[in-house]
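Student: Spelled out, the chains give:
There are 2 protein chains.
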Amino acid sequence: MKFICEKEKLLLGLNSVTRSSIGRTTTPILEGIHLQLKNKKLTLTTNDLEVGMEYRIEDVDIRDEGEAVVDSRMFSEIIRKLPNKEIIVSLNENNILLIECEGSKYKLSTMNANEFTLLPNISVDKSISIPQKVLKDMIKRTAFAVSTDENRPIFTGCLFDVTGSLLNIVAVDGFRLAQRVAPVFTEQKEFKAIVPGKYLSEVAKNLLDVDELVKIGISKNQALFEINDCKIVTRLLEGDFLDYGNVIPKEKETRIKIDKSNLQDAIERAAIFSISSSEKEKKYPIKIYINVDCIVVSCTSQAGDAKEEVAVEMEGKELEIGFNPKYLLDALKAIEDDEVYLDFGSNISPCVIRSTAEDKYTYMVLPVRLKE
Amino acid sequence: MKFICEKEKLLLGLNSVTRSSIGRTTTPILEGIHLQLKNKKLTLTTNDLEVGMEYRIEDVDIRDEGEAVVDSRMFSEIIRKLPNKEIIVSLNENNILLIECEGSKYKLSTMNANEFTLLPNISVDKSISIPQKVLKDMIKRTAFAVSTDENRPIFTGCLFDVTGSLLNIVAVDGFRLAQRVAPVFTEQKEFKAIVPGKYLSEVAKNLLDVDELVKIGISKNQALFEINDCKIVTRLLEGDFLDYGNVIPKEKETRIKIDKSNLQDAIERAAIFSISSSEKEKKYPIKIYINVDCIVVSCTSQAGDAKEEVAVEMEGKELEIGFNPKYLLDALKAIEDDEVYLDFGSNISPCVIRSTAEDKYTYMVLPVRLKE
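Sequences listed follow chains X and H, in order. Our numbering applies: residue 1 is where the first sequence begins, and numbers increase by one. Our numbering applies: residue 1 is where the second sequence begins, and numbers increase by one.
I should point out that these hints are in silico values taken from the structure, not numbers from a laboratory. Misleading hints may appear alongside valid ones.
Since copy identity is lost for identical chains, a pair holds within one copy or between any two.
Said to hold, decoys possible - When the alpha-carbon atoms are kept at most 30 Å apart in a straight line, the in silico DSSO-like pairs for lysine-lysine are as follows: (1) K252 with K126; (2) K287 with K7; (3) K215 with K9; (4) K283 with K333.
Note that the coordinates shown come from a computational prediction; the quantities given were computed from them, not determined experimentally.
So that you can see chain X by itself, here it is in the shape it has in the complex:
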């Protein structure tokens, strides 16, 4: 096995298939990267059996076909630190991988390539296509809201819900729900799949702000994302997701329209008092009092208190309601519009945040009961 490749080109592929945070396993082969030279292509693959990623590099100078598996962290780190030149990679007779570049010469011990599991051939029975930039945006605005509680694994995933020619992506963690909808190309009328939230960040990392399509194929228990030269396969979560359509309140007693940045800044400042430095465990809620033409965001702790007034347009009843500030801030950070709607029922029913510019994003958050 031997090839010559520009450092930058190789690094692009390595960044694509190596996970930002590799969960250390006790099985080295799961932390390996598989290099394959075949049919005029270099194919890089990583696969820890939860998520597998493959990247093809077409214009590589291939001297000898073959394959090898080496530690992916070590290999990436060496390539990343080499100068911006041509790199020669080859396997010697002792099954040692040689990496050469100008005055640098590296030897890496290899693993048994037969033990490496390449990406499976997935028998896709449902599929959709969606522009890269749209999917990227959908993941950004929903995946942060998945649950981290492994006791209810189903909610550590994002629901992909296809109805007609619309895709809804939904994440929910018991305190809040994020939902984003967009049109997709599909031949199936209706189907659902639940993708582990943490692997969607690997997908998002490979998406660019372009109109080019991503193809998402769904089999019985796996999803396949095809993005240009990259393929990502993840397992699906099995079980029944929340019936989100019936959970989001349709009625409202109070609606406010508010400048998003002003609200975000006010909550961020008031939240200084939410986490008490002297009582490490305790978190104080923030209180929002909704008035005719302004809201008052406040927070009181042992250390003192914060009071913020922000101008609003209000319809409906006055209301006083409490929240965990983090859950409001997460949503406001994910919204790019200048203004947002906040819809309320009572002080014990959820608040729904919607962007004013488009009806594509819905974020629901449960209130916190305030002590009198």
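Given the structure of chain X, go ahead and fit chain H onto it with the hints provided.
Tutor: Chain H in isolation, oriented as in the chain X frame:
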């Protein structure tokens, strides 16, 4: 007590007197910030009795003189997050500090100002003056090498050694020594003081790249740094420092002249193998083989090995010697010159790194014995 001040101006002062990493104490007053309005000035002071910092703001709109102490982290965080406008700070009849800015109103509980220790009046008996940018550079190139071993507290400090009109700053940790010399203005012929290394970073934070002078005053057990509107007082460490002049070898058997970046890059790459991922505890040394016109930097671990060739100009004998790569890299990062000298005796005597452009910086590092 009441004043009005632009946010940016107040924040500048807060950044100057608040420590980047506040060691949490069980005595809240040591984590407080003292605000004093007196003689047309606002003076901000923090003091944990190890290091005290004071910053004066002259053009503040003072409505009522007075003083107050509040939690410095909370106060700084509120000011930092407020909009770029005028801020009104006042003390109410219940000893609550009010902070007002547009629609924001904050209340902070105060501490007893009588319990706060203001900066002491130091009876300076020796003093030097030095341009800010020179002191900043001297600290940057030496303070990283202080020891973190509290069992030998003297070496957690930097020696300030004044001889004639020269200041030497020296740090040493048992494995390496960094020394930087520069001319200073002083009326004393000769004196020494040892300043805790960790507080020098607070000093450096306040230094700009300008020719304006810093005044350093030394009393029996304290040092006072006066930088424009800022004063920093730290205690001194007591005891005998290493006789550094006699430790640095004057003779050499081998000298190389080498491109600094090339050497740094080569060591950084080879060091990938120095820390083994499979054997967490183990660190492998790097080996440097010095030849007539090139050196070979190598490192071998269980995972594989690295070999880097770098061109040099060499005088003297060939040599093979081992090092902890971190200690070489720390020095190379601190040097700004294009080329450096490395002087060697034998493979068990220290290596001395000197910049080629000027004779102001010396870094000595002990070798590691290589296994055959």
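Student: Now look at each hint and say whether the structure bears it out.
Tutor: Verification of the hints:
With identical chains, the CA atoms of K252 and K126 are never at most 30 Å apart, being 37 Å at best within one copy and 74 Å at best between copies. Proximity of K287 to K7 under the C-alpha cut-off of 30 Å is restricted to the inter-copy arrangement: shortest distance 26 Å between copies versus 54 Å within a copy. In this assembly of identical chains, K215 and K9 lie within 30 Å of each other by CA distance solely inside one copy; the values are 23 Å within and 53 Å between copies. Taking the shortest Cα distances, K283 and K333 sit within 30 Å of each other inside one copy (21 Å), while across copies they are farther apart (43 Å).
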